[in-house]
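Trainee: Taken in order, these protein sequences are the chains called A and B.
So for the first sequence, my numbering puts the first residue at 1; every next one is plus one.
So for the second sequence, my numbering puts the first residue at 1001; every next one is plus one.
Among the clues, some could well be false.
Here are the computed lysine to any residue pairs in the SDA-like style, where the Cα-Cα straight-line distance is at most 25 Å [unchecked claim]:
{"no.": "1", "chain 1": "A", "residue 1": "K29", "chain 2": "A", "residue 2": "S48"}
{"no.": "2", "chain 1": "B", "residue 1": "K1084", "chain 2": "B", "residue 2": "F1046"}
{"no.": "3", "chain 1": "A", "residue 1": "K33", "chain 2": "B", "residue 2": "R1186"}
{"no.": "4", "chain 1": "A", "residue 1": "K12", "chain 2": "B", "residue 2": "Q1141"}
{"no.": "5", "chain 1": "B", "residue 1": "K1006", "chain 2": "B", "residue 2": "E1132"}
{"no.": "6", "chain 1": "B", "residue 1": "K1006", "chain 2": "B", "residue 2": "I1036"}
{"no.": "7", "chain 1": "A", "residue 1": "K33", "chain 2": "B", "residue 2": "G1210"}
{"no.": "8", "chain 1": "A", "residue 1": "K3", "chain 2": "A", "residue 2": "K29"}
{"no.": "9", "chain 1": "B", "residue 1": "K1007", "chain 2": "A", "residue 2": "D59"}
{"no.": "10", "chain 1": "A", "residue 1": "K42", "chain 2": "B", "residue 2": "I1036"}
{"no.": "11", "chain 1": "A", "residue 1": "K33", "chain 2": "A", "residue 2": "E46"}
{"no.": "12", "chain 1": "B", "residue 1": "K1006", "chain 2": "B", "residue 2": "W1022"}
{"no.": "13", "chain 1": "A", "residue 1": "K42", "chain 2": "B", "residue 2": "E1028"}
{"no.": "14", "chain 1": "A", "residue 1": "K3", "chain 2": "B", "residue 2": "E1239"}
{"no.": "15", "chain 1": "A", "residue 1": "K42", "chain 2": "B", "residue 2": "R1186"}
{"no.": "16", "chain 1": "A", "residue 1": "K29", "chain 2": "B", "residue 2": "P1136"}
{"no.": "17", "chain 1": "A", "residue 1": "K42", "chain 2": "B", "residue 2": "K1006"}
{"no.": "18", "chain 1": "A", "residue 1": "K29", "chain 2": "A", "residue 2": "E93"}
{"no.": "19", "chain 1": "A", "residue 1": "K29", "chain 2": "A", "residue 2": "A2"}
Note that these hints are calculated values from the structure, not bench results.
Quick caveat, the model's predicted, so the values are computed rather than measured.
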Amino acid sequence: MAKPQTIVREFKVENKYGIHARPAALLVKAAGKFTADILIGKKGAEVSAKSIMGLLTIDGHQGAVLCVQTTGEDAEEAMAEIADLFENNFFEE
Amino acid sequence: MSITLKKLLESGAKSLALELVWGEMNLERVIEEKAINRPGLALSGFFQYFAQRRLQVFGLAELTFLKSLDSTQREQCLRGIFEKNIPAIVISRNRNPLPELRALAEEYGVPLFRTAMITSHFINECTLLIEELTAPCGRVQGTMLEIMGIGVLLQGRAGIGKSETALSLIERGYSLVADDITEVVRNSRGRVTAYANELTQYHMEIRGVGIVHVPSLFGVGSIRRECQLDLVIELHPYESDAEENRTGMIPETIDVLDISFPFYSLPVSSGRNMANIVEAAALNYKLKTLGHDAAKELDEKVIGTFLRKTES
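In isolation and in its complexed conformation, chain B is listed as follows (with noise of 0.2 Å):
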């Protein structure tokens, strides 16, 4: 996924101090790799990997050697990097751009950017905003909950019962995060956030009741802005002939964002306390990730078993 300047600076125009100095006309350009150069190399005339397609960042020390130049090696310098069509220029600790760097970005129609930041900073927020505007995200049907420090997305058809499980778990202490909508991203690392659509967040709705505001009936504890989705639980009308996990021993596991995560399929039927249910499996899916799995520690204890009774 690839970004463009314009997104860029509404994004960064507060938190990067981004300002643009020329070029308004060209924000549509696209930054085609999402990273960060200092073009230091280029401007002494090494062009071998030079990293064209990211956002060309001058700071202190490109200034200064452009200055140690006289103005025709100076214009020299600088062509030779517009040449390559790169995206945009950012200046930092908002330096006045030198009069051939400001000709030569009018001349090919490269926006020029300043920030107040200094160069290391702005390289570290500038790629970390840059990577959160590209990250892949969706939306998935399912009302989320935190559970324990566990992120639980709970499915199933309309009128299973998903808010009302919500309900009785938010009674018990644990969040919501988000009713029914639940907004997903996806991280470098590979980690999927959850959160709530901004307009509806902190509500939700119980059948026969309506829509219900949850901090101001349960207080601020019941809810969280977000949280890292850990897995996947899903009610399903109870049938009989139904495949059932019954030892937990055969994981099964959902995609969301093409990342995989634990998947339970929990039967709903008359009798059946839904909150104790994904309570439990969410604690369970905590005690396996410290590495106690219970289902496979009671297998290995009936083999043992059966093991020394017919080696005796």
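Excised from the complex, chain A in its bound form (with noise of 0.2 Å):
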């Protein structure tokens, strides 16, 4: 197993209607994969990936930037799921 780490990254919502529903499951779900420690949000206020209530209250809409930051054994794996899935936009426009 690799060692614990941290990981920060900046993402750009760029899908029409932001972090709803849809997409915070998605992220629930892939975070949900890892034992690392996922926070997602605005600088400051970020909250835990593994939550869909928290996720909706991150206010992500469109245009918004987002510090994601993981840490653990498999930070960097989680960090390369969650990437995914917003270079994807979360398959929707």
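Starting from two chains that each stand alone, build the complex the way the hints lay out.
Mentor: Set out below in structure tokens:
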């Protein structure tokens, strides 16, 4: 297993409806696969990416810049999976 | 924490009947000291201890005093105050600013406000508003419930069963304040109030079911808009070697917004009904606040019995 580490990256929300219920569910599903702690949100107001209710409060509208932080042994893999969702606009418009 | 005039105007337009007379371009100025001052003594020329960093309020007394002076004296009196770099001036009772006051405000770039309220009401309300706007606040991960008047924050890692435990407690008639994400704000007396994010309030996520609207399922009695935080309970997976609190006599605490709260760490394992245990913890806390500490009382009884035996 890799050493525990923290990775921080910023993403811009590109899809029209932002982080609504469906993208939030995708994020929770992705985050749940990892043991790493995953925080997401505007700087200073991050919430756990493993909480749907949390993700709906981060004000992730189109154009919002969100900070993602993964901490743990599988931080790198977790970040790759989260990045994949953002880069594919959560598979919607 | 300080507050800009812009924020005060936005929040106080309605509740304080506050309107801007002059100085739109200088609304980014900051009220450095979160209080209000009536500059009576300063107007009379006494500037020692003049609270220049506060919002200055001109009431009937100040305005009547100024009117009793001739124009040159009035200008001189007021200039003394403006030279102290005050943040802004509020005139109460919807009085019109005297021409000298207005001219000096423009000269020094000090915004001028007006309110329909009488001075004493304005001072009370404005102090409360400033307090509210500058109160330390934050967001904590956890589900907030109100159990018999006790505000309980339920924490624990994802999937441990916070929402499920909350659901059982709601079914027993207790109220949900916030699911999973709880906003907190600390007032000047050190009490912490918890409430839900406005967008998601009264909703809850139950694994396997999805998002539900709590009052639609359980009635309006099942929710509360906000409540005071009293204790924090963490659910954690049962580990046989973990140190558990077996007597409840060594109180643990946790800080929320720099205030210390009683903290219980409850192991989750099969066969343990977490709703029962959380309820018992809340009620036991309530009992303690009423002066009954069951663990301590039992211990005293045990010690008393032993002492009698050794003495005899």
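Trainee: Quick one, are K33(A) and G1210(B) close enough, alpha carbons at most 25 Å?
Mentor: With Cα atoms ~19 Å apart, K33(A) and G1210(B) stay inside 25 Å; holds.
Trainee: Taking 25 Å as the top limit, are the C-alpha atoms of K42(A) and R1186(B) close enough?
Mentor: 22 Å, holds
Trainee: Check whether the Cα positions of K42(A) and I1036(B) lie no farther apart than 25 Å.
Mentor: 34 Å, violated
Trainee: Just to be careful, I want the Cα atoms of K1006(B) and W1022(B) compared with a cutoff of 25 Å; is the pair within it?
Mentor: 13 Å, holds
Trainee: Taking 25 Å as the top limit, are the C-alpha atoms of K1007(B) and D59(A) close enough?
Mentor: 21 Å, holds
Trainee: Is the Cα-Cα distance between K12(A) and Q1141(B) 25 Å or less?
Mentor: Roughly 24 Å between the alpha carbons, so the hint for K12(A) and Q1141(B) holds.
Trainee: Does the structure keep K29(A) and E93(A) at a Cα separation of 25 Å or less?
Mentor: 20 Å, holds
Trainee: Would the pair K29(A) and A2(A) pass a check requiring their Cα atoms to be no farther apart than 25 Å?
Mentor: 22 Å, holds
Trainee: Would you check the hint for K42(A) and K1006(B), treating anything up to 25 Å between C-alpha atoms as holding?
Mentor: 23 Å, holds
Trainee: Is K3(A) within 25 Å of K29(A), Cα to Cα?
Mentor: Between K3(A) and K29(A) the Cα gap is close to 24 Å, so the pair holds against 25 Å.
Trainee: Regarding the pair K42(A) and E1028(B), is the alpha-carbon distance no greater than 25 Å?
Mentor: Holds: K42(A) and E1028(B) sit about 24 Å apart, inside 25 Å.
Trainee: Holds or violated: K33(A) with E46(A), Cα cutoff 25 Å?
Mentor: 19 Å, holds
In the structure shown, a violation is registered for the earlier hints numbered 3, 10 and 16, in ascending order.
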